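> Mind assembling these two chains? They're in different frames, but the hints should get you there.
Chain by chain, the residues:
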Amino acid sequence: MVMFIAILSVLIVGVPFITGLFGTPVGILPHDPNELLPCAVPTECAAPPSLQNWFGTDNIGRDMFSRVLAALPLDLVIGFTVAGFALLVGTGLGLVAGFWDTPGTVGGTLSVAIMRVTDIFLAFPSLVLALAIAASLGRGTVPALIAIMVTWWPFYVRLVRGEVLAVKHLPYVAAARAAGVSGLQILVRHVLRNILEPLIVYYTMDVGTVIVTFSTISFIGIGVPPTIPEWGSMVESYEKLLLTAPWTVLAPGAAIFLTVLAFSLLGDGLRDILDPRSRRALVQTATAPGLPAVKGSAAEA
Amino acid sequence: MEPLLKVEHLSLDYEVGAGTFHALRDVSFEMMPGRVVGIVGETGCGKSTLGQAIPRLLPEPPARIREGRVVFQGTDLLSVPKWKMPLVRGTSIGMIFQEPINSLNPAYRVSDQLMEAVRIRKFRESGETEVFRPAEGFDYSKDRPVDPKEAIGRTFLPSPPAARSAGARRGSEELRIDALEYLRLVRINDPETILDLFPHELSGGMRQRIMIAMALSEKPTLLIADEPTSALDITIQAQVLTLMKELMDEVHTSILFISHDLGVIAEMADDIGVMYAGSIVEFGPVGEVFDRPAHPYTKALLKSVPNRYKEDGVLPSLPGSVPNLSRLPSGCPFHPRCVFARPPCEPDPGPSLEPVKGAPVGGGHRAACYYSDEVFRLP
Numbered sequence: 140m141v142m143f144i145a146i147l148s149v150l151i152v153g154v155p156f157i158t159g160l161f162g163t164p165v166g167i168l169p170h171d172p173n174e175l176l177p178c179a180v181p182t183e184c185a186a187p188p189s190l191q192n193w194f195g196t197d198n199i200g201r202d203m204f205s206r207v208l209a210a211l212p213l214d215l216v217i218g219f220t221v222a223g224f225a226l227l228v229g230t231g232l233g234l235v236a237g238f239w240d241t242p243g244t245v246g247g248t249l250s251v252a253i254m255r256v257t258d259i260f261l262a263f264p265s266l267v268l269a270l271a272i273a274a275s276l277g278r279g280t281v282p283a284l285i286a287i288m289v290t291w292w293p294f295y296v297r298l299v300r301g302e303v304l305a306v307k308h309l310p311y312v313a314a315a316r317a318a319g320v321s322g323l324q325i326l327v328r329h330v331l332r333n334i335l336e337p338l339i340v341y342y343t344m345d346v347g348t349v350i351v352t353f354s355t356i357s358f359i360g361i362g363v364p365p366t367i368p369e370w371g372s373m374v375e376s377y378e379k380l381l382l383t384a385p386w387t388v389l390a391p392g393a394a395i396f397l398t399v400l401a402f403s404l405l406g407d408g409l410r411d412i413l414d415p416r417s418r419r420a421l422v423q424t425a426t427a428p429g430l431p432a433v434k435g436s437a438a439e440a
Numbered sequence: 023m024e025p026l027l028k029v030e031h032l033s034l035d036y037e038v039g040a041g042t043f044h045a046l047r048d049v050s051f052e053m054m055p056g057r058v059v060g061i062v063g064e065t066g067c068g069k070s071t072l073g074q075a076i077p078r079l080l081p082e083p084p085a086r087i088r089e090g091r092v093v094f095q096g097t098d099l100l101s102v103p104k105w106k107m108p109l110v111r112g113t114s115i116g117m118i119f120q121e122p123i124n125s126l127n128p129a130y131r132v133s134d135q136l137m138e139a140v141r142i143r144k145f146r147e148s149g150e151t152e153v154f155r156p157a158e159g160f161d162y163s164k165d166r167p168v169d170p171k172e173a174i175g176r177t178f179l180p181s182p183p184a185a186r187s188a189g190a191r192r193g194s195e196e197l198r199i200d201a202l203e204y205l206r207l208v209r210i211n212d213p214e215t216i217l218d219l220f221p222h223e224l225s226g227g228m229r230q231r232i233m234i235a236m237a238l239s240e241k242p243t244l245l246i247a248d249e250p251t252s253a254l255d256i257t258i259q260a261q262v263l264t265l266m267k268e269l270m271d272e273v274h275t276s277i278l279f280i281s282h283d284l285g286v287i288a289e290m291a292d293d294i295g296v297m298y299a300g301s302i303v304e305f306g307p308v309g310e311v312f313d314r315p316a317h318p319y320t321k322a323l324l325k326s327v328p329n330r331y332k333e334d335g336v337l338p339s340l341p342g343s344v345p346n347l348s349r350l351p352s353g354c355p356f357h358p359r360c361v362f363a364r365p366p367c368e369p370d371p372g373p374s375l376e377p378v379k380g381a382p383v384g385g386g387h388r389a390a391c392y393y394s395d396e397v398f399r400l401p
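Just so you know, the protein sequences line up as chains A and B, in that order.
Mapping the first sequence onto my numbering, position 161 (from 1) lands on 300, and the numbers just tick up by one.
Mapping the second sequence onto my numbering, position 10 (from 1) lands on 32, and the numbers just tick up by one.
Next comes chain B alone, as it looks inside the complex (with noise of 0.2 angstroms):
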């Protein structure tokens, strides 16, 4: 089966006064359709960036991709023009963010917003408009500057001109239940009372299931969360969750989930990837790589997580903390901070992504360290 999305070599660097960040090194993964790919690291470990990068959201500057290719339905999104993007993003490509407090516009309504998504994918399904096919990509033979003239026609009516010779009212109507039918699907109570307020009406939990109705109304072939619950406290996370494993079933979406907690990792994902100063050090199925951990580093982070009991005594805690991504250590990253760290791994910068000696062919476990084999046979 051909992968949905397929990540190769991309490094980015975030070019600012104080120098050159390198935060993303030679990511390379794959995702299947249907999958729910998990992302963790600790914080700064360039999680959001590999997310914003896909749906190429970052600025650039101060962001540059130096090199790779984010292989989306078989057309590489980086050589699709910069104003074609809007129309992968949403439809194609939805996106959750991790702040449901400022993620809506504090002037609409969530009525208005929730619409504004509706139309979006209602005026693409129309063909009213040229949109990004699976495998065809776009047509770069017509790859020029947007005539002023066109582009303020098209943004300016957002809906198909049928609909609206049809009667704008009713047209909005039809939105409107629209709507409505997405709130009742991250289950909101009172849809019609809630789709009258304002954002800063809501509480944090309800505007994030907001935000996921809006992702979830275009449709999207490919949703990347991040960090979807980080802001949300322990009740709400879970009942997001559950809306998540749910909703996946209900719209047949895949899913790239980043977090930097392990748990909702284990509990949402099917495949994980565990990023270290901006590349991914092991990737595998989830069950496998929380069972035996291939790589140092997510050896050590699955140590620290707390157990139920209090009798193991101090928690082990990972010592030093991420390196600064200027000055990144000579030969692999991690070894000012490995236990398994030896003399080549200083100069070495170590291997790329291989499969874990050991480990079930076919299973699509790998690690990037040249002991992964030793680490993995540990108990």
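For reference, chain A alone in the conformation it holds in the complex (with noise of 0.2 angstroms):
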């Protein structure tokens, strides 16, 4: 059952990714996204979801399928790419800080400033300051990204300094410098290696969190321009046809919705596989069940 959901994930989050890769699928889309179809009263278009126009259309004629599915590779990318460059930033700065942290070395004072610095980013709410910083790069999609990335890696450098300052004090760490290996190893072989798995899940699922405060920024109309598709903008510019046509603002909302849902269970998923224990309890459930003992429990024998 979750080896199940985890790859149902891979497959919702992976398949229109690598589509996105190869450029913006307009080839494979019903119809152009900005494309007017034909309708009887210009300015009154917006018809409810039929076998040709899935999603209905907007006030002004468009295929909202259209719309939707184009939004997507704008916005996995936009995600991936935030979270991506928080993680290395994150990562880079969480480990220097933790790992080196004696008071009244270089490591030390250098890791009280990362902190400091963190600490003050932090006291904003990020999506608030987000806010500010893309207000004042002008609209557009390049200054939302930005704005995005300059708030988003502290919430990465809190989670890897917490998770080395844990895993340094372990055992496995001692008796790994009582046994010769050097500093620099003893940080990426043994603490870097350990911390993994709740950072690829964290990431995992803070791609949906980007994706949601993106479409936020572009929902108070600060983010990407109405020509190009993007779920929250569309949003936005549909909100005043909630009542009278829903199915322009209730597709990209469960588009959103759907996304973040599934990057949270692909998060899921890979904790799952990449927790040693549990691996192995999943690889011997998917080999023949009749095997004579457990390796392990022959060991404990």
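There's no promise every hint is true.
Here are the simulated lysine-lysine pairs, DSSO-like style, with alpha carbons at most 27 angstroms apart [to be verified]:
(1) Lys28(B) x Lys325(B)
(2) Lys241(B) x Lys267(B)
(3) Lys106(B) x Lys28(B)
(4) Lys379(B) x Lys325(B)
(5) Lys104(B) x Lys307(A)
(6) Lys28(B) x Lys379(B)
(7) Lys106(B) x Lys307(A)
(8) Lys379(B) x Lys321(B)
(9) Lys307(A) x Lys321(B)
Short derived list, chain B residues pointing at chain A, Cβ under 8 angstroms [claimed, not checked]:
(10) Gly112
(11) Thr113
(12) Asn127
Derived Cβ-Cβ restraints for the label pairs, each shown as a range [said to hold, decoys possible]:
(13) Asp134(B) x Pro188(A): 51 to 57 angstroms
(14) Gly309(B) x Gly247(A): 47 to 53 angstroms
(15) Leu400(A) x Glu82(B): 55 to 61 angstroms
Quick caveat, the hints were computed from the structure, so don't treat them as lab data.
These figures come from a predicted structure and were not determined experimentally.
By construction, the Cβ of each residue, glycine as well, lies at the ideal position given by its N, Cα and C atoms.
Below, the structure is given as structure tokens:
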């Protein structure tokens, strides 16, 4: 069951992402996302979902299904980019801040400096800070992207530093030190390897959160220009149609919801796969159940 | 003969929020090559601190070495720059910890961890890197902060260039064969299977034996075993002890054996040091110290070992407990619990280790008590 959910979420996340990599999938869309479909009254084109237009059309006659799908690559790329940037920067700074934190040394001073700057960023609600930065940079996709990037990494510094502090005092790190392993190698081989699991899981779930934040910025109207299909800006621009043509708001809203849910499930699945304890269990249930005693329990005897 | 390890007047404090704890106070002892030295004492007397202070594994702060020297093969380890200490650890001074449950990295298979240890030794043996050499010490003229470029290059390339060009695959095959050999050495059945398991799939006794295999695979000159059997049940404990005794002959290593178990020490050690409140109160050959202790604390400790028969009635126990290391009593730290205590013991801190009068000359039996000869003469 766990494996099934994990594989399913890989498909939900992976397939559109790969199609997104090869450009906006205009070719596979039923309609051009900005094409105005013919209708009787030019200002009241909103048509409910039908066989021709699966998610209906909006007030000026654009196909909602095509618009929602066309927005997927942009939102995914933004999610992965921002969370990936935060992952790299945050992990680097967090490792340094957590591992070399002896007071009175160069590392200790650096560690304090990193954590204080992180605290300053964390003191602001990140969405408000991102909005302020995005607004000051002007309207557009890139300013919104930069704004989220700038505000996103401090969470990773916190997470990584906390994990490093917990792991570096465990007996196996002391044992590695006693075996003569050098500091940098302990950091990479023993500390980083053991905090990788929570980190990757957090990253995966975070992609969804980034998409929500980006959509929020677009929703407020300082993100993506309205000609580019984007879920958040779509929800914003169709807001006044909520009562007369609810499908125009529900379709992009549901897309955001499903994407974030898929990333959450993917994160959960990854957690189960990455943990050696449960991984061995998964492998064993996948292979023949009638095998003689499990290797591990044979060793216990 | 030159002693392998000479600890001279080593004093170490822990500086924590609650105050300063004098964990080691003026500890001195010597260890000859090929000997097994046992360190015994109650919980909190500083045994483990001593064991970890020698290869400088204690984080500083909170630990702070106030004074003293730790001379290992002619080099004072306390004057070796900190970033060079990894070169001493493992191949020169190995260590076995008391917690087998968490001492193996849960993310790697047994093979990865064992091969890491073997690789460290091979890398150092190959001469590709600077190593610790006896009596020579390190070249302090080049005592400079690490060049980051060099450090990164050095630590990310664990195998020597020659071995890597010969093919990483074959290199790791060789390491694997070596690792298998050490698993057989610690008497593990079916080592091929065990090598591919994760630590959580093994029992405590197996993990402890793998820890021992890891420590031995680096062929250390000195092995510090910090209560290696305390977490194991009695049958496995016996197995591990027998094993360590056999291994001593096979690998030729000197062992500093730390334990609170007098029986284990009697079994293993040649010399014994008895610790109380951060200092060694008695030191000498194990037979002599056990037969005729010269310090009141040793005497009381030996009395509290259970006999085989029940007729003796109530087991004598030592009243009171180890003093708080941040507020030691005035004078001799043992005087509040000592049956031999006299008025001078309270203000006077007592002598440092002195040869016991009446003990065989040259045996090295020493005690830190004014009345040691009196205690020694008691039946």
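> Take the hints in turn and mark each one as holding or not.
Going through the hints against the structure:
1. Lys28(B) x Lys325(B): violated, 30 angstroms
2. Lys241(B) x Lys267(B): Roughly 15 angstroms separates the two Cα atoms, so the pair holds.
3. Lys106(B) x Lys28(B): holds, 20 angstroms
4. Lys379(B) x Lys325(B): OK: lysine 379(B) and lysine 325(B) at ~22 angstroms, within 27 angstroms.
5. Lys104(B) x Lys307(A): Holds - the C-alpha atoms of lysine 307(A) and lysine 104(B) are around 18 angstroms apart, at most 27 angstroms.
6. Lys28(B) x Lys379(B): holds, 24 angstroms
7. Lys106(B) x Lys307(A): Answer holds: lysine 106(B) to lysine 307(A) is near 20 angstroms, not above 27 angstroms.
8. Lys379(B) x Lys321(B): holds, 16 angstroms
9. Lys307(A) x Lys321(B): violated, 41 angstroms
10. Gly112: Holds - the Cβ of glycine 112(B) comes within 8 angstroms of chain A, reaching about 3 angstroms at its closest.
11. Thr113: Where the cut-off is 8 angstroms and the nearest Cβ of chain A is about 6 angstroms from threonine 113(B), the hint holds.
12. Asn127: holds, 4 angstroms
13. Asp134(B) x Pro188(A): 51 to 57 angstroms: holds, 56 angstroms
14. Gly309(B) x Gly247(A): 47 to 53 angstroms: With a Cβ separation near 49 angstroms, glycine 309(B) and glycine 247(A) satisfy 47 to 53 angstroms, so the hint holds.
15. Leu400(A) x Glu82(B): 55 to 61 angstroms: violated, 49 angstroms
Of the numbered hints stated above, those contradicted by the structure are hints 1, 9, 15, listed in ascending order.
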